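J.: So the sequence lines, in the order shown, correspond to chains B, S, Y and U. Position 67 (the first sequence) corresponds to 75 in the working numbering; numbering is contiguous. Position 19 (the second sequence) corresponds to 489 in the working numbering; numbering is contiguous. Position 22 (the third sequence) corresponds to 33 in the working numbering; numbering is contiguous. Position 656 (the fourth sequence) corresponds to 1179 in the working numbering; numbering is contiguous.
Warning: the hint list may mix true and false statements.
[As the list claims (entries may be wrong)] Beta-carbon label-pair distances, calculated as ranges:
1) B/Asp327 x Y/Gln158: 52 to 60 Å
2) B/Glu81 x Y/Pro110: 35 to 43 Å
3) Y/Leu35 x B/Met36: 25 to 33 Å
4) B/Asp327 x U/Met689: 50 to 58 Å
5) B/Arg325 x Y/Gly118: 30 to 38 Å
[As the list claims (entries may be wrong)] Pairs of lysine-lysine, BS3-like flavour, derived with a Cα cap of 25 Å:
6) U/Lys1119 x U/Lys846
7) Y/Lys183 x B/Lys335
8) B/Lys150 x Y/Lys183
9) U/Lys909 x U/Lys983
10) U/Lys1119 x U/Lys991
11) U/Lys991 x U/Lys1069
Hints listed in this document are in silico derivations from the structure and should not be mistaken for laboratory results. Note that this is a predicted model, so its numbers are computed, not measured. Here a beta-carbon is modelled for each residue, glycine too, at the ideal position from N, C-alpha and C.
Residues per chain are reported as follows:
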Amino acid sequence: MELDLLIKLGLELGKIVVIAIVVLIFMMVAVLYMVLKLRWVIARIQSRLGPNRTGPWGVLQTAADALKLFQKEDIIPCGADKWLFTIAPAIVFIPAYLVYVVVPFGSGLTAQSLNVGIIYLSAISSISVIGIIVAGWASNNKWSLLGAFRGASQLIAYEVPTILAMIIPVLITGSLDLNEIVSSQGGGIWHWNLFHLSGWPMLPLAFLMLIIAGLAEINVAPFDIMEAESELVAGFNTEYSGMKFALFFLAEFAESFTLSAIVVTLFLGGYQPPLHILGGQLTGLAFSAVSLFWFMFKCWLMVLFIMWVRSTLPRVRVDQLMNLSWKALIPAGLVNLLLTGAYVVFWMPK
Amino acid sequence: MSHSLAYGIPISWFLTVGAMLFCIGLFGMMVRRSAIGMLLSIELMLNAANINLVAFGSYLKLPSIAGQVFAIFVITLAAAEAAVGLAIVINIYRNEQHIDADKISVMKM
Amino acid sequence: MHIFGLFITGYQVAFVAVAGLTVLAAVGVVLVPNILRAALCLGVMLMGVAGLYALMNAPFLAVVQVMIYVGAITTMIILAVFLSNRVMKIGFFQAVYNPLLAAAAAGVMFLFLLVTVANSVWVQGIVEKTPATKDVGVQSVATALLQPYVFPFELASVVLLAVLIGAVVIAKEDTADES
Amino acid sequence: MVQYAWLIPLVPVAAFVLIVAFGRRLPGQGAYVAIAGMLASLVMSIGIALQWFVFGGSNVGLYNHSVSWMPVGNTNINMGFSVDSLTAVMLIVVTVVASMVMIYSIGYMHGDKRYPRYFSYLSLFSAAMLALVIANNILLMFMAWELVGLTSYLLIGFWFEKPSAMRAAKKAFLVTRVGDVGFMAGMMLLFITTGTMNLFGSEGAFEHIATHPSQMNALVHVGPWAIPLVGLIGLLLFCGAVGKSAQFPLHVWLPDAMEGPTPVSALIHAATMVAAGVYLVARMYPVYLSDPSHIALTVVAYVGAFTALFAASIGIAQNDIKKVLAYSTVSQLGYMIMSLGVFGYVAAIFHLMTHAFFKAQLFLGSGSVIHGTGTQDMREMGGLKKKMPVTYWTFLISTLSLCGIPFVTAGGWSKEEILTVAYHTNPVVFWAGVLGAFTTSFYMFRLVYMTFHGEPRDHKIHAHESPKVMLVPLIILAFLAIFAGYVGTPFHNSFEHNMAPVLGEQFEGILEHNLDMIPHGFFMPVFLIGTFAALLGIFFATLIWKWHVIKIEKLEPAFGWLAKIVENKYYIDEIYQATIIRGLMLAAALLYWFDKWVIDYVIVNGVGYMSLVLARAWWWIDRNIVDGLVNLAGWITGTLGRGLRYVQTGVTQQYVFLLVVAMVIISLVFVAGNYSEVSWIPPITGFFH
């Protein structure tokens, strides 16, 4: 009897550990590939070749880079706060990793479906800002500190429009659960929130806001002022090297993928196939597999989009960045929220 | 799954944790010198109170949402308090170059 | 399962782990000399409290706790620490008050609370062993906020507005002397 | 149609928002937007009025619609609107006057540096006023009431560079606030007693009042008086009306409020907002009627009558053209309040309507005069009749209306109706009203003669007629000042027919019971007395300021003191000079003599000498005994302070420590008191059960 319970407990724990490891491995591989892809894409955009020597077509380039990174000496600068310097990468990395708990990779392929999924997402991702601040401060380097300050103000400023944009599909669906949001978009591309124009025309505005604010939240190119290399050397992670730097790096790219996943889930139908005949008629495991494919496919498109943006647009100034959030995105988001709320309460067909 | 999450935990455990946090917060209030440190201790005590509120709310036979709602209000007010408190701290620091609560004796600068 | 004759469930183990972390972090908040580290301890402790909420069937509150307390308040405190940079050097051992005396007072207080908790006979209607099993989700919180508690809710929003303005006014740098 | 009545206040709100958001970029710098919004409201109001008065909508009685607003605890507070004849009349009055004033303001405010802001305030005011009259809920009414007060404050202080305007704005805000406290108390009392904020319907307060007479008539002891509960509610609500409608003793803000732009005075401080107090009493009339002792109504009647007379008498003494009109407004509001106090419900509303039109016209006319001459002082005007003919004739029409000239003007009908009711219910009030009518026509014609007739007194002023955009509203309002009265002639009183059912059957019954001795139709004695009083006033004014025929100086030996008064052009000033000031001078001289010889010489010097003697004695006592005591007190305080200093350190941490210690001690005492129930060792195993 007690042994039974113990075994059950062990199985449960084992399941959790396995899922965690699978997600971690997925994350690592995805990031490795994303970095490679990014370099290719940027090279193509800039009419260069990009990495093509290491391994066939250069596919082993990032693996080699990663290997180099792990071998590097772990430097802790003199005068740094050692303890904080060490845990800062973890504070940044762990939330980026924990976010994957609620992402619906496919039908039935969610680590833990929460009925507060969206709030969980934004809550967890808001932790990483602490890590960035701490990293910048603990380095005892003025470029790092400046980067940390910029990062803090940027992340705080863009947290609000991100949430305002994410709330819109939540209002339309009436649920905070990501799985429910996805399943409400089933039945073809015209049921996806972005293209559901006959329903509520303000959704594309929210989509646009989420992409803009999300790019700022994950600090990639037009909004990467906190590690603007031409101004701040490398921002908050100037002093980091080796494994610790790798963690920052990993977290940054993982967040790119997270943003893609959120956008896909909320606006692009999640794991739903674009047409019913492309997998919608399947059930059970088969549908899980198909839906996983569609989800990854859409995410990949989004990631490419992000790469495209970050390699094309010039970096904005700090004041422009702040103005964009406080004076444009947040008022627009509030108006959108108000209108959508009125739509849901008064006119939306129940 | 979530509904039986706390199976086997008596309410007194939560209350004890609350009491611990509260007393640690009290201790912090007494020994911390800087105003920010005192603010941290206040947050401890507020959380202790919140734990009690939520515990009583969810241990009722007919679970009452009131506990959670009050906790949300407390969190709101804590945020407000932190914002104003920190603004004052920064202002004091700007004028006096320290934030020792026991050295602040002038109301007007 | 029974260990040393006591019946222990997995949730009790989880509770002990979370509560232990919380209390440990809380002790850190008051004892760590460096105020920035103390603030980080506060962050950990707040996460722990969020875990306790989750154990008490309040997932929404747990998430809100993380979002507001950890994401906003802790960040704010850390920023304030940065802005008043020099204070970080002031440690615990420069405490204004005799720490032993303070510890004694707080300890006696805790003892009283403990005695009260341990000896309380709960009024009817309180389940003692385990939280009642009604799932209290986001919707019921929303309904409660907007129906019976709409007045405090509105009041809270007014307070927040006042705080927003007040904090800006207080923290604003005095530009020259506006006569 | 009527179910969309809530749009009427919302359209000006939209205009307000637009003007605030876009300001000068809008057509006409926002003015056209405000006017368009107001005209839309006007059209809707006309629609409602047609439905109610022409197409027999008043048979419907009351249209009432509520939606849930705030569920607070077990009480559900609703929000909604209601339309009945009273509302319809008020809507027409507010929208007509507001749109006229806005059109007029295009000309009057031309070139002002805060032009868009002015129109945004006007829109907000109109919205609040319309919301006030359309609200079916006393809480909503109160909110609109306060909003109206706020915009009044903003508009009085519109030219806030002038210190006097700022002071006047503050004064108006604070004085009306005094009354509002009463209103709020009354509202709370009503809510506590009836359990609802709604006024109408089966759940409403009026129904509750009608069905619970014993609860409502329970005596409440306020100081030495015992007042029925419902009477107390009525009195408290009336406090609000006293503040808003500038009744004695809270009338002081209204004349000062003339510091605002003149169109504002016309809209807010003559036609609409100040009538809100009257509207409030009318709206809450069931509260007043259901009190069998009529305490509140009596107070209302006497306050109104006193104010009517009192303000009219002050009006004679003013030289500022707007101040005269301001006191006239106070006086006329007193008429309405008085009429409500003597059961003249319909008459009061009727007078409210006619007064709004002609008084708005008068103010706009005075604004035109000010615009043309650049001064507000009547002594510098004169002879404007030729230079500003349109202004003059429209102004004259409204003046006649205000004087209550029968048959041809609106004011004649309404004033006569008030007097008829008063005649049959309360002779004191009636004669006060008649005297007021006399005074009114006297000072109004004094104003007309001083401003428009005779020769220009100040030749530096080159008066000119105002632009057309200002004249058109004058003409429209003058037209209304004549014809608005024909809805309520005693021969065919369709106004009464439509207005009386507002109260609902039961209260209408009470009202009729109190009015049953009043003959329907034309009542000759009142007509004669009222007309005679008005004409007499005009006649006297004409004798003095127009004809100058009575060479008063020559009649002086024959007519004695009266002639002395009449001969003087500055009539009231001379009275003041002769009576109050000269009396004061005489008294001063007397007192001076008394002071010098009795007080100074006998008492003060004597006392001084005595003091000297006593002082010597006291000096010794002071030095030895008192000082010793003082030093002792000082020493005690110092010693105590030295001791307590250790507690009051300003160290927060120590305070916390003391707090904890105190809590521990209290707990100890508590535990010691319950020793037997507490086992001192916590049963750790109990944690597992």
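J.: Are the hints correct? Go through all of them and say.
T.: Now for the hints, and whether the structure bears them out:
1. Separation of B/Asp327 from Y/Gln158 is about 44 Å and departs from the stated range, judged on CB atoms against 52 to 60 Å.
2. Range check, B/Glu81 to Y/Pro110: Cβ separation about 41 Å, and the 35 to 43 Å hint holds.
3. Checked against the given bound of 25 to 33 Å, the beta carbons of Y/Leu35 and B/Met36, roughly 31 Å apart, stay inside it.
4. The given range of 50 to 58 Å is broken by B/Asp327 and U/Met689, whose C-beta atoms sit roughly 38 Å from each other.
5. Range check, B/Arg325 to Y/Gly118: Cβ separation about 55 Å, and the 30 to 38 Å hint is violated.
6. Between the alpha carbons of U/Lys1119 and U/Lys846 the distance comes to roughly 42 Å, so the proposed pair goes past 25 Å and is violated.
7. Taking the CA atoms of Y/Lys183 and B/Lys335, the gap is near 19 Å; set against the 25 Å cutoff, the hint holds.
8. Proximity of B/Lys150 to Y/Lys183 is assessed by CA-CA distance (about 24 Å); at most 25 Å being required, the pair is judged to hold.
9. For the proposed pair U/Lys909 and U/Lys983, the alpha carbon gap of about 17 Å is at most 25 Å, so the pair holds.
10. A hinted pair counts as satisfied when its Cα atoms are at most 25 Å apart, and U/Lys1119 with U/Lys991 does not qualify at roughly 66 Å.
11. For the suggested pair U/Lys991 and U/Lys1069, the alpha carbons sit about 29 Å apart, so the restraint of at most 25 Å is broken.
Violation of the numbered hints given earlier is confined to hints 1, 4, 5, 6, 10 and 11; the remaining hints are satisfied by the structure.
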